[in-house]
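All chains should be modelled from the sequences, with the hints used to inform the complete structure.
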Amino acid sequence: MSTAQPIRMTRRGPGLDSLLGAVAEGIDQGLVPVELFNDEDVFRAEMERIFARTWVFVAHETEIPNKGDFVLRRIGLDSVIVSRDDTGKVNVMSSHCRHRGTQVCLTDRGNATHFKCPYHGWTYKNNGEWAGAPHMREAYGEKLDAKEWGLLKAPRVDSHQGFIFASLSAEGPSLKEHLGGAAWVLDTICGLHPGGVRVVGSPERSILRADWKSGAENFAGDSYHIDTGHWSNEVTGYARGTRENNHMVRRLVLDGGHGFLCHALEQMGGPFLHLWGYPPHVQAQFDLSKMDEVQVKLLNENPPTIGNIFPNLSYLRVPSTAEAGKPPAVTTTFRQWQPLEPGLMEIWNWQFTFDFMSEEDTQHGYAVGQYIFSSSGMFEQDDTVLWEGIPRAGKSVWHRKAETMLHYRQTGIGTDAQRKPEPDWKGPGEFYNDGFGEFGQLNFYRQWLQLMRQDPEGAR
Amino acid sequence: MSNSKETAVHAEFDAMAKKAEQFLARETVLLDDRRFWDWFALLDDQVIYQVLIRTVRESGADEFASTGFRQRDDKSMIETRIKRLHTGFAWAEDPPSRTVRLVGSIVVDPTDDPNVLAADSALHVYRHRAQDDHGDLIAARRRDRIRFTDQGPRLLSRTVLLADVVLTTPNLGIFL
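If you're matching them up, the sequences are chains A and B in order. Read in order, the letters of the first sequence are residues 6 to 465 in our numbering. Read in order, the letters of the second sequence are residues 92 to 267 in our numbering.
These are computed hints drawn from the structure, not numbers from a lab. This one's a predicted model, so the numbers in the text were calculated from it and none came from an experiment. Errors might be hidden in some of the hints.
The calculated PhoX-like cross-link candidates involving lysine-lysine, where the alpha carbons are at most 25 Å apart (straight line), are [what the hints assert, rightly or not]: (1) A:331 x B:166; (2) A:302 x A:431; (3) A:148 x A:121; (4) A:331 x B:174; (5) A:181 x A:302; (6) A:130 x A:94.
If you want a taste of the chain B side facing chain A, the calculated C-beta under 7 Å gives, among others [said to hold, decoys possible]: (7) 147; (8) 149; (9) 162; (10) 171; (11) 258; (12) 264.
For each residue, glycine too, the CB sits at the ideal point set by N, CA and C.
What follows is the structure in C-alpha cells.
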C-alpha cells in the first residue's frame with residue numbers, strides 16, 4: 006500500500022518572506038520551490054545573509070607561501086585580496102581604495118609589499134593599512150590614520166588544513182564551530198601526512214549559466230545523477246559500474262549544511278582501491294596515527310569521495326585513468342561555486358596533491374583530474390549543461406504561477422522508501438549505508454533557510 | 092649553384108607552408124561538419140593537444156607560468172572523447188553546437204626537424220549551443236607543430252592560448 010502523500014502547501018503571496026515561508030513548509034515535505042534558483046530578491050538576500058556573514062573559503066595557504074604573496078579572490082560579489090603580510094600573517098581585504106573606490110589590485114596573483122591605487126596614488130601596505138598618498142603635506146597636511154583609512158579587512162580570518170576562510174561578520178560561530186563535522190572529514194582527506202596538501206597550478210575558472218546552489222547541492226549528496234547524467238562514459242567503456250554506483254555509496258549528513266558521499270571503493274574495484282587507490286609507495290608515507298578510530302574505519306572501508314562544505318566549497322577525490330587500461334591515479338579537487346547573478350555562477354577549480362608526493366605522481370593525478378573534472382572534463386562538462394535548465398524553470402512565468410515545488414523526496418518523505426541512518430555510527434552527523442536518499446541536499450537547504458531567515462540587521 | 096640550391100630549399104619550404112595553411116583550413120571544415128573521425132585521422136600518433144589556464148598578471152609577467160591546463164590529451168584520450176561524442180549521451184554536445192571556425196593570421200616557421208613545421212594561428216570559434224539565445228565566441232591563439240609524413244601533414248602538437256581567463260562558454264565540449 007502506498008504511503009505517498011499529496012503536497013500540502015499554503016498559497017503564497019509576493020515577496021521574499023512569503024517565499025522563505027514556502028521553503029520552510031516545503032523542506033519538511035521534501036520539496037523546494039523552483040524560484041530559489043533564479044530570483045533577484047533571493048540572490049540579494051543570499052549575498053547579505055549568507056556570503057557576507059558565514060565563513061567563505063578564499064584560498065589555500067600554499068597559494069601564498071611567502072611574505073608578500075597575494076591572490077585576488079571573491080567573497081560573494083566582493084573582490085578581495087588575500088595576502089601574506091611582512092609578519093607572515095594572512096589578511097583578507099577589500100580590493101577597493103578608500104579614497105574613491107577604484108580597485109587597487111587587478112591581477113590574479115603576485116608578490117607585493119604595497120598596493121597602490123592607480124587613480125590618485127593612495128597606497129596601502131600588504132596588511133591593508135593605509136601607508137601614504139602623493140603630495141601628502143599639500144593635500145592633507147598630516148598623515149591619515151593608517152587603520153581608519155586602511156582597506157576594509159575581513160573581521161575574521163581562520164584556516165583549517167591550510168584552507169583559509171573569511172567571515173565578513175565580527176560575530177557568529179567560530180570557523181571550528183561552523184565546520185563542525187566537516188573539519189573531521191577534512192582531516193581524513195588532508196591529514197594523511199604531516200606535510201598536508203598543496204595546490205597545483207592556478208584555479209581554473211569558467212562561467213556556468215546555473216545557480217551556485219545547484220553545484221553545492223549536487224556535491225552535497227547527488228549520487229543519483231551519475232548513471233544518467235554521466236552515462237556516456239559507461240557507454241564508451243571509460244567508466245565502469247555507474248549503474249551499481251548508488252549501492253556502493255555511503256552518505257554523511259552533517260550539521261551546518263555540510264554533506265559528503267563516501268564510496269566502498271575496495272568493494273567496488275578490489276584491494277588496489279584501498280585508500281582511494283593511491284599507489285603503494287604513496288600509501289607507505291601515510292600516517293593514520295592522528296586519526297580517531299572512526300576516521301580510520303571510514304578511510305579503510307568507505308573513503309570520502311565527494312562533498313560540499315556550506316555554502317559553496319565542494320570536494321572530489323576519486324581514482325581514475327587517462328584511458329581504459331592505463332595505470333590509475335588519484336585526483337583531489339576542491340571547487341567553489343561563486344555566485345554572479347541569479348542563475349549565473351563562476352566555477353573555480355583547484356587541484357591538490359599531498360606536499361610530499363613526487364612531481365611525477367602529482368602531474369599524473371593532475372592530468373587524470375582535469376580529464377574528468379574541469380572545463381574539458383568528461384564528467385563535468387555534462388553537469389554544466391544539466392544545471393542550466395534549472396534557472397530557466399525558476400524564471401518561468403508558468404512555473405511561478407503554478408508555484409512549482411521540485412521533488413527532493415528520496416529521503417522517504419511522502420514516498421514508500423524507508424531509509425534510516427546507521428544506528429551504530431560513532432562519527433559526527435548521520436551516516437547512511439545507501440546512495441539513494443536526498444538527505445544531503447535537504448540538509449543544505451535547511452542551513453540555507455536558517456541563515457536566510459535571520460536578517461543580519463536584526464529585523465527578525 | 093648555391094643560389095639555385097637555396098632557391099630550391101625556399102621553394103620547398105613555401106610549398107610545405109602552403110600545405111600547412113591548407114591543413115589548418117581543412118581542419119575547420121571537418122570540425123564544423125562534425126566529421127570527428129576524419130579529423131582524428133589527421134592527428135599524428137604522438138599528438139599532444141593542450142589548452143592552458145591563463146591568469147591576469149601585471150605587464151611583462153608570464154600569464155601562463157605554472158598555471159596548469161584545462162585540457163591535455165594524447166591521441167587515445169582524444170579517441171575516447173570522440174567515442175563519447177557519438178554515444179548519444181554526451182549532454183555538453185548533444186544536441187551538438189553549431190560552430191563556425193575562422194582561422195587566420197597564420198605564420199609558418201621551420202623547426203629543427205626538416206619534416207616538422209611550426210604554425211602559429213589565430214582562431215575564432217562561433218559556438219551556438221542547443222537552444223541558447225546567443226552563441227559564444229571563443230578566441231585563441233594556437234601554437235601548432237605539423238609533421239609532414241608520406242600520408243600527408245599530421246598535427247603533432249597544439250597548444251591553445253585562450254584570450255579568456257574566465258571561460259565564458261560553459262565548457263570545452265568542442266575541439267579548438
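For this session: Find the hints from earlier in the document that the structure breaks and name them by number, from lowest to highest.
Result: none
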